[in-house]
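Trainee: Sequence:
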Amino acid sequence: MFSAAAVIPAPPVLVPELCGGAAESGAPDPARAVEQLPGGATGDARGVGAGLRGAGAGDPRTVLRAAVLDVLAALAAEGGSWTVLGTGQGQYGPDTVGTFLGYGVDLAVALGPAASSEPDPELELPVLIAGWARGAVAPATNVEVRLLPEETPAREAAAFGARLRAELDAGPEPRGVLVIADGAATLTTAAPGYLDERAPAVQRALDTALATGDRAALLELDPALCAELVLRGRAVYQALAGLFGRDGAVAADTRYQDAPFGVGYHAGLWRPA
5 MFSAAAVIPA PPVLVPELCG GAAESGAPDP ARAVEQLPGG ATGDARGVGA GLRGAGAGDP
65 RTVLRAAVLD VLAALAAEGG SWTVLGTGQG QYGPDTVGTF LGYGVDLAVA LGPAASSEPD
125 PELELPVLIA GWARGAVAPA TNVEVRLLPE ETPAREAAAF GARLRAELDA GPEPRGVLVI
185 ADGAATLTTA APGYLDERAP AVQRALDTAL ATGDRAALLE LDPALCAELV LRGRAVYQAL
245 AGLFGRDGAV AADTRYQDAP FGVGYHAGLW RPA
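To convert, count from 1 in the sequence shown and add 4; that's the numbering used here.
Calculated directly from the structure, the hints in this document are not laboratory data.
Beta carbons are placed, not taken as given, at the ideal position from N, Cα and C, and that holds for glycine.
Some hints could be false.
What the hints assert, rightly or not - The calculated label-pair distances, taken between Cβ atoms and stated as ranges, are:
1. Asp99 x Ala255: 32 to 38 Å
2. Pro125 x Thr216: 25 to 31 Å
3. Ala228 x Pro196: 31 to 37 Å
4. Pro176 x Ala253: 21 to 27 Å
5. Ala221 x Pro125: 35 to 41 Å
Kindly produce the complete structure, drawing on both the sequences and the hints.
Mentor: Structure, rendered in structure tokens:
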């Protein structure tokens, strides 16, 4: 039975070992200066993470990681196994083992407690983040990952989410869903995709939809525009809308919403209301 969905981003800086310890010290990192847009991280004053940084909470990576771990702990408290949705190709089960070697550190992560195969260095980032998340908050949990191609049309993405919901509801045990996706990567000149003047408005619409449980607004995200804005999580967010398509309403609980590196990040929980 489906219980809840957690939404987190997928930056490698979530993993402390990939940060060389700098993110844990709380000391500012000049190499990762944050460029803010007028009115807040994504063009307004609603960024949950921005206020914490402004109050001297320390390195933005630490703030982001704490919020993500908070969301993951809430999902783990629901019990049961997880199904993870991310962008990419393929499906991976609890026997999967990967490594962050491609990101600079040979850190192995697994999707299940009994996984013992050699780490695969070619796994896509959402699979690796899923393994890190499981190990961080629910090491006894089995996880499967289902990836959607970035170009998946909105209707197909929503149908994918609806089929997953029917599958999860058919079982007697609690099942959680972990959505791993990023927003626009073109929010500032320091962003991976540089600054696109159209990006802040689209990111604000996405932020509002995720914060309010607005499934219709997620389905209205334009695939072509999102591709131009390097909003790679678009199809996954639309699968989230399909996952909750049968519910009368959504109870959304936002724990983090900000763009510390010019990329829109959201961490929160969705539950049927």
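Trainee: Against each hint, give a clear statement of whether it holds in the structure.
Mentor: For each hint, the structure was consulted:
no., hint, in the structure
1, Asp99 x Ala255: 32 to 38 Å, "34 Å, holds"
2, Pro125 x Thr216: 25 to 31 Å, "40 Å, violated"
3, Ala228 x Pro196: 31 to 37 Å, "19 Å, violated"
4, Pro176 x Ala253: 21 to 27 Å, "25 Å, holds"
5, Ala221 x Pro125: 35 to 41 Å, "38 Å, holds"
Checked against the numbered hints above, the structure breaks hints 2, 3 and satisfies the rest.
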